[in-house]
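**Q** Next come the chains, spelled out residue by residue.
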Amino acid sequence: EAQVTQNPRYLITVTGKKLTVTCSQNMNHEYMSWYRQDPGLGLRQIYYSMNVEVTDKGDVPEGYKVSRKEKRNFPLILESPSPNQTSLYFCASSRRDRVRDTGELFFGEGSRLTVL
Amino acid sequence: DAKTTQPTSMDCAEGRAANLPCNHSTISGNEYVYWYRQIHSQGPQYIIHGLKNNETNEMASLIITEDRKSSTLILPHATLRDTAVYYCIVRSLNNAGNMLTFGGGTRLMVKP
Numbered sequence: 001e002a003q004v005t006q007n008p009r010y011l012i013t014v015t016g017k018k019l020t021v022t023c024s025q026n027m028n029h030e031y032m033s034w035y036r037q038d039p040g041l042g043l044r045q046i047y048y049s050m051n052v053e054v055t056d057k058g059d060v061p062e063g064y065k066v067s068r069k070e071k072r073n074f075p076l077i078l079e080s081p082s083p084n085q086t087s088l089y090f091c092a093s094s095r096r097d098r099v100r101d102t103g104e105l106f107f108g109e110g111s112r113l114t115v116l
Numbered sequence: 117d118a119k120t121t122q123p124t125s126m127d128c129a130e131g132r133a134a135n136l137p138c139n140h141s142t143i144s145g146n147e148y149v150y151w152y153r154q155i156h157s158q159g160p161q162y163i164i165h166g167l168k169n170n171e172t173n174e175m176a177s178l179i180i181t182e183d184r185k186s187s188t189l190i191l192p193h194a195t196l197r198d199t200a201v202y203y204c205i206v207r208s209l210n211n212a213g214n215m216l217t218f219g220g221g222t223r224l225m226v227k228p
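Chains A and B, in that order, are what the protein sequence lines are. The numbering used here puts the first residue of the first sequence at 1, with every later residue one more than the last. The numbering used here puts the first residue of the second sequence at 117, with every later residue one more than the last.
One or more of the hints may lead you astray.
Computed cross-link-like contacts, SDA-like style, restricted to lysine to any residue with a CA-CA straight-line distance of at most 25 Å [as the list claims (entries may be wrong)]:
1. B:K119 <-> A:Y31
2. A:K18 <-> A:R44
3. A:K57 <-> A:S80
4. A:K57 <-> B:G219
5. A:K57 <-> B:K168
6. A:K65 <-> B:K168
7. A:K71 <-> B:Y162
8. B:K168 <-> A:R95
9. B:K119 <-> A:K65
10. A:K65 <-> B:T217
11. B:K119 <-> A:S80
12. A:K57 <-> B:S208
Everything labelled a hint here was simulated from the structure, so no lab data went into it. If you're wondering where the values come from, they're calculated on a predicted model, not measured in any experiment.
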């Protein structure tokens, strides 16, 4: 089954304790992205990656890092989490073939993070 | 990418058609109209997209006006499981970041 898998789905942590949210897709997609969703602010893009070893900032990259060492994985790293990073996080992937690209993004089920 | 305007919320009776409008008056020639929905706090789900012709798939129909300044998503026979927030997004395939800018969306409530 084609899917985007995020882990953990739920996490409560404390300020300053480094954490990583993993994201993996099995569709051989070139493009991957991280969004956060907060009440009243909608979905905002954090980082994206057009392909292996290629990453770029989205709208709200501060406080986050990403890496793309393999095509299927795109982990989101919070080196020193703070309470304002409490949010619902979504990973997404899509194709980037300009001929066949439909622009359809496939989203994971979300990771709810609470930083105390 | 162009901005979209949607009503904040709508109600629909179960079994009836749900017509969700979207205004995108600043849309440019190479921008597509996309619709996604988000059920509760699940990941957003792609529904349909189009450029200028009307489109239909197993989930919905998309009607785009001739001037492309607005569109309507139609769920022909709404069910309780269609209760969700529906997002209308315009995007160019030349958007290097492949970013979809999600606005507030329309909260559709399907009632028995």
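**Q** All hints are to be evaluated individually against the structure, with a verdict given for each.
**A** Each hint, compared with the structure:
no.	hint	in the structure
1	B:K119 <-> A:Y31	holds, 23 Å
2	A:K18 <-> A:R44	holds, 22 Å
3	A:K57 <-> A:S80	holds, 18 Å
4	A:K57 <-> B:G219	holds, 19 Å
5	A:K57 <-> B:K168	violated, 31 Å
6	A:K65 <-> B:K168	violated, 39 Å
7	A:K71 <-> B:Y162	holds, 22 Å
8	B:K168 <-> A:R95	holds, 22 Å
9	B:K119 <-> A:K65	violated, 28 Å
10	A:K65 <-> B:T217	holds, 21 Å
11	B:K119 <-> A:S80	violated, 34 Å
12	A:K57 <-> B:S208	holds, 19 Å
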